[in-house]
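From the two separate chains plus the hints, produce the assembled complex.
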Amino acid sequence: MPKVIRDLSDSSSYWAAVWTMCAMPDVHVICDAPIGCFNLVATAVPDYTDAIPHIENITPSIITEHEGGGSGTGPAVQRTYENLRDTGVLKGKHLIVVSTAESEMIGSDLSDLVTQFQPGTTFFHSESLSDDEWLGRDRVLQWLWENYGQSGAATIAVEPGLVNIIGPTYGCFNAPSDLHEIKRTIEGAGGRLNLVFPYETTLNDMAQLARAQVNVVLYKEFGHTLADSLGQPWLHAPMGMQGTTQFVQKLGDLLGTQEKANAFIQQEKKTTLSAIWDLWKGPQSDWFPTTNIGIVACGTYVDGFTAFLGDELGMPITFASSRPLRPGELDNEGVRQLLHKSPPAFVFGSINEKIYLSEAGARYTNFVPASFPGPIVRRAVGTPFMGYRGAVYLLQEIVNRLYEVLFNFLPVDSAYSRPSGTGALNGAAKPVNNKPGHVPGNLPWQPEAKALLDAALDKLPFLPRISASREIQMQAERAAQEAELKEVTAELIQTVLAARKN
Amino acid sequence: MSDSIPLGTITQEAKPCQLHPQSMCPAFGSLRVLTRIEGSHPVMATDTGCLYGLTFVTHFYGARKSILAPQLGTAELMAGQVVEGTRAAIEVAAKEPGCQLIPVVSLCVAETAGLPEEMLPKKIGNAEVVLVRVPAYAIHSHPEAKDVALAALLKRLGNATAPKEKKTLALLGEVFPADPLAIDGLLRQMGVEATITLPGRSVDDLRRAGHVGALAPLHPFYKETTAVFRSWSIPIVGGAPVGISGSYAWLKAVGSLLDLDPKLVNDVAEGERARAEAMLKAQPLSGRIFVTGYEGTELAYARLLVEAGAEVPYVSTSIGQDPLVLPDEMWLRARGTKEIVYRKSLEEDVAALDKYPPDVVLGTTPFCAIAKERGIPAMYFTNQLASRPFFLSTGMAATLGFINQTMKGHERYQWMQSFFEGEAVDA
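Protein chains in written order, with numbering that gives the first Met the number 0: chain A, 0 to 501; chain B, 0 to 426.
To be clear, the hints were calculated from the coordinates, so they are not data collected in a lab. Incorrect hints may have been included.
[Said to hold, decoys possible] Covered, in the sense of this in silico footprint (three residues per stretch, anywhere, with C-beta under 8 Å from a C-beta of chain B), are these stretches of chain A:
1) 4–10
2) 27–40
3) 99–112
4) 118–130
5) 139–147
6) 277–285
7) 404–412
[Claimed, not checked] Restricting the straight-line Cα-Cα distance to at most 27 Å, the calculated cross-link-like pairs of lysine-lysine (DSSO-like) are:
8) A:K458 with B:K94
9) A:K259 with A:K269
10) A:K2 with B:K94
11) B:K121 with A:K340
12) B:K337 with A:K2
[As the list claims (entries may be wrong)] Have a look at the derived ranges for each label pair, beta carbon to beta carbon:
13) B:G97 with A:N441: 56 to 62 Å
14) A:G106 with B:Q404: 51 to 57 Å
15) A:Q266 with B:F418: 32 to 38 Å
Idealized CB from N, CA, C, for every residue including glycine.
In isolation and in its complexed conformation, chain B is listed as follows (with noise of 0.2 Å):
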């Protein structure tokens, strides 16, 4: 949370001013995580403005859950009712049916005010409360919001003392529901007893979380759940299932972190590796496609894109450097990836528009809407890349075939560039 947006005149020769930087409100990423979990009421401590957007996005992209919030205008603020609106709004969410889970979402003019955590009950009824930070001023994107949240989640409710089990792995990260289905199928035939995915729809998850052999973060930003689970003595497994080569050493690493039997390990990783290949030979990627969402998970996609044969020159992303995104970092960059940016604004999307005029776009929605307009297939990665399948030869498939199915489609976004501005142009 230290580092800060990088704003204004950047001094770095050739870099656009930062006017625009390209995130989804960061808190939101905490309410998607949050209002999934069955059982879960989340209480949003916050002004109207900001709760009216939130609970916007998170109904249309969270869950179709209610969202209850005290009243934060001037005449409470004033007053110091922070708290005591909160804990009011807290009484009506563990009146829910089978609330099992409270979580208090509490956001910039909250955190300006002050909402001291042991003013706050810790449960209600059945009810667990967890109070969750996630001030826009201070969390500085959408996906690490995801990491505060999950992470204050298994610090009430993960078991540190728990006997481990240890043939068991917890897989992190949101990610398409089919994938951790595939991830599991393949490591059961290694000898993996059990998986849980996080987060996930279940309290019980959280609580079981404690209690498995290994973490395997799929995404490179959940830097404090990571922690929490280093508290707990539980081993990391590095890398994530990803293209041909990040697959095969993923699931060697998984094999030796949780000791299972060498052969078999080596078999089905093998075997994979076989099927990825294979599948590439079927589909493979040409031209050149730029990354640019701010889900995080940029440097992954990316990663596998050049795998299949695609050049990419350009990658942006909402979250900051950080260790955990290091490996794909310099496995691009060691790859003919000429620029990675964090942070990012919309000026430096467009300014790499201008440098390496790309065949595809995958984006968010501003810079998409750049793209189109000078004739480029874009995409919004957050709605057509998080809603496929990711992982594994399984994964690949899914993604590549959705990329050259957009590739083909080029000619339409040049012919309604030409209809709606073209004319224009000419005229």
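With the rest of the complex left out, here is chain A (with noise of 0.2 Å):
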């Protein structure tokens, strides 16, 4: 049986090169595509992942019947090419012509052509049909050092406390500020900052990566391979106390800077990670066990959030689901069905997550953006996952949550609701009939109906369970009533809890 895709997660390897390559301003990519696979890579996905207008310095060939039935896409590349040239759009900048699926579908492979070019262009066949976004970034790097890096730095010396960043891309949720917190972190640890590639630097300056001591990848998804041909040691960005005090400490050994670097780790706890000892000593962390959590990120975001909210705060993790995903973790249909039967009080993950709970109408749960795809702005550099302000930022943001929560359920005066409202869903009571013979007061329950309201609780996040419970013994009652039944049957809490969509 071939394999079926649900709500695709991860983008192709031509998205990565151009996410890649572009983010340098000395760069120009015609893409070898049909006018849709630029406009989504240039436009339209890239306004809501990374608020840009749209990537200027990218053009494409426009792939149309006429190539794909035969004549190949050579003489549009070969004209697209002469134009920008002619309007001057090419000076100063390394061409790289791109493949996509499509062009790789007809077989156009495009190295000879791009020979007679404006000398240095190359051609990157971004093998779109095989491989995923991650690979491709980390392919597409190391293919730019072996091309516009490695010769020119065989005579750059290694300068004792540089450091360089790789990664981020265009396209990497929560980029900037992750960076900026690794950057802050780096500096504390006695780093002095080299390069960070290939957000912050041209394609000239790329073998000047040679000259860092040491190499911080940002993602475990990519960035490893050019950081292993680069030989100078390298680390992980880090996630949560433990293991950013860790990388600090690290580095320092790296760097030769330990002291600095132990300095560092004392001043931040007194600073940045009071909040933390300050909310776990509080009535807050008192939460954290019963706060259950489901992740859909990134692979470093979900080492991280399950190292640091899992292992370090105590919150049970539900389901965790890696980009790309790691074997033997549920897949979208698996975490789609979990998802409607029993949402954690906390996901973090797509716009994919978002429309599954959505489905399920799961008002109980609290959904933390933390992946693409779905449209977000994340540019403030006040909103890191990583680093120890990454850690205070989730930790604040969860109980903040928690606190919306606790309000929303907190009962308001009817007489506000709306009158046209089946009832206040915030548990206010809504005004019983006066029905003859209506008895103020609880009304008994059948053993059998309290047993399918205890199991209706028994699926919804611990800490609105309270509120949940009042919420549906008022329904249950009202609907009693109204029924002019003595006492709460089985078969009405029936009805009750499957007019309600949790």
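As structure tokens, then:
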């Protein structure tokens, strides 16, 4: 049985190539693509992942039926090149021609053609039909090094104390904040920043990567091959309190700045991290053991959230699904079924999980964006997930959302509820009718009815159970009174529960 | 579909190179229409890059709906599993609760590999399986893909031999939800018994489409859909209820086509004209406006703005030239519009910006960004105009109110421009 994809989470290596190369201003990409592959990667999606109006340094060859039908894409790419050259766009730029799934499909290999273009023009075969965005980013970073960095690096000497950051590219969730925090952390440990590649570098400068004594690879998903090629020691960017502390110590060891690194850790405990210590000592941490969490995000975040929220703070991790998917993890089909059945208190994820929660009507679950796909602005540098500040921000976000849950379930006097409303969702009592025979006070419940109520509550996240319990009781008793029953029956509670969608 | 995207070295004088065509991925038009139908569970046959991008925009702009697809990578393509994979995805889709319709959206890679229709089931359980071919290499704009999708659905679901309900009308075009209500309200005063709106949310409306007395395309790019209605011997109303003269003429045309009481029709049309004139008097427009979206409705919007007093020297759109657009084109040219560009590129829009510096731009996101870099108020046509009523006098009021408000914001746009770019230029 062929594999069926539900709501694809990972893009292709063509996207990886464009989103990596075009982050550098001295690159111009010709994508060998139909209009759609150009529009989606360069405008429609980065508008909503990276909050940029459009990627300017990319031009499509525009594959039409003509190219697909046998003439090949060479002439279209040639014409695009000539027009770009003639309008002066390519002056001072490294031109890279990138293949797409469709150009690969029709077997278009332009390695020879590009040798006739301006000197230095290259062709990148993106392997878009087989590789995903993560593998793609790793491969393109290494390819850029081999084609634009390595030869110039031979004469460059390593300078002690300098540190590179490898990654992010466009389309990396929360990258500006995480990068900001990792820079601060590196400097705190005694390092000096060399290059942030490719985000804040030009391709011209790529050889300068060789100057750094240590490399920090921002994500576990890509960048390690380039880091290996650079030949210097390298570390992954850290998450959580323990991870970050070990990172600062290790970096201090590598740079010979142990004293500075330890002083930074001590200082951070008194400043940045004191919020976590205070929240731990306060009533907030008492909620952690009953606040369960589901995670769908890049493997870097899955590991970081699991270590910090799970191991360090003690929140139960209900499920975790990495991007790219690791063996044994739930795929989207499995995640969807789980969220339909018993959604946890918090779901970190993409728009896919948000849709599954909407389908399930899971209004007791807090959705926290933590992954693409999905439109979101994450350009403020104060919302990191990585480093010490990331730990504080994550915890702050969770506690505030718990407060929100409590607020939403406090009763509101029913006189303010909408006249057309079916009873306030927030636990407000609806005035009970004054039918003759109506007895004020609690109605008795059949034991089977009570058991059904308990089973329904068991499926909900812990914190909102009290409010949900009161709400369901009120709904059931109202229905019983309307039906002029003397007690709440199992049949009635079944009807009430079926009409609710949690 | 036969015309191609004009590319490359344009020989006409003073025409810029067309390097960056401006359209959403064409296939998105079809997904938007197909995902919004209740009980419809689309299957997309394509590669992962395409799937990622189209799912992204569909989840943002189409519907909160899970999307299925066969895995189509090198291995599956080499093994010739396009059909098998698609069939497997169809089977999963059929299990969704309430599934009535499974549109199979076939895109570039699947179309290149080949996806023969006869190899797919026509029906599975209660669900109709309808193949919609929208490779971006052959369908050149997002609006035209809406047409292809709707035509495919109607061909399958519409009943050609249905007895006609003479005093009913199908409104054709994705419009703001309040628009069909306003149109329906007025039409009922004229004696119309019912309307349906296509593309809409309901499979039943697709089934009913063959019964209507006439079809009224509100947008000018539903070429294939219109042909389907013609093949059912359903007459087509020309024009659209846009602006003062356009609405008046359209109401009269509907009246005569559906054989309604002429006196009643005349009263309603006159009343609507009076309301529209009063509305225009209350908030006239002035200033120079560009209408440069990719929705295929740009000419109609330009027409409304010109009628309201604005100067619109330049209009561009992603759709191709077609007899359906011709009346609006001629109307605009007769009233001072200098350039109307079909299948436009960013370069053409930018050249017009130099040639006729406008007060307001209603355009694509890349073009709006360039206008804003020059301190010109600019709005994304798709988001800002499609989300407001447009038709009849109520639509005029909403649209013109919005444009007037945008005009007033010019100082803010200039301040932003000088704050972010002015200083750097001076330094």
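Between the region 277–285 of chain A and chain B, are there enough contacts, at least three residues with CB-CB distance under 8 Å, for the coverage claim to hold?
violated (count 0)
Holds or violated: K121 (chain B) and K340 (chain A), Cα atoms, limit 27 Å.
32 Å, violated
Given the hinted pair K337 (chain B) and K2 (chain A), is their Cα-Cα distance within 27 Å?
Roughly 54 Å separates the two Cα atoms, so the pair is violated.
Are the Cα atoms of K458 (chain A) and K94 (chain B) separated by 27 Å or less?
OK: K458 (chain A) and K94 (chain B) at ~24 Å, within 27 Å.
For the region 99–112 of chain A, count the residues whose Cβ lies under 8 Å from any Cβ of chain B; is that count three or more?
The restraint on the region 99–112 of chain A holds, since 5 of its residues have a Cβ under 8 Å from chain B and three suffice.
If you draw a straight line from the CA of K2 (chain A) to the CA of K94 (chain B), is it 27 Å or shorter?
16 Å, holds
With 32 to 38 Å as the target window, see if Q266 (chain A) and F418 (chain B) comply at their CB atoms.
Roughly 36 Å apart at Cβ, these two residues keep to the hinted range, so it holds.
Take the C-alpha atoms of K259 (chain A) and K269 (chain A), compute the straight-line distance between them, and say whether it is at most 27 Å.
Roughly 16 Å separates the two Cα atoms, so the pair holds.
Has the region 404–412 of chain A got at least three residues whose CB is nearer than 8 Å to a CB belonging to chain B?
violated (count 0)
Residues of the region 27–40 of chain A with Cβ under 8 Å from chain B, three needed, outcome
holds (count 8)
Hint check for Q404 (chain B) and G106 (chain A) - Cβ pair distance inside 51 to 57 Å
53 Å, holds
Status of the given 56 to 62 Å range, CB of N441 (chain A) versus CB of G97 (chain B):
39 Å, violated
Consistency note: the structure conflicts with the earlier hints numbered 5, 6, 7, 11, 12, 13.
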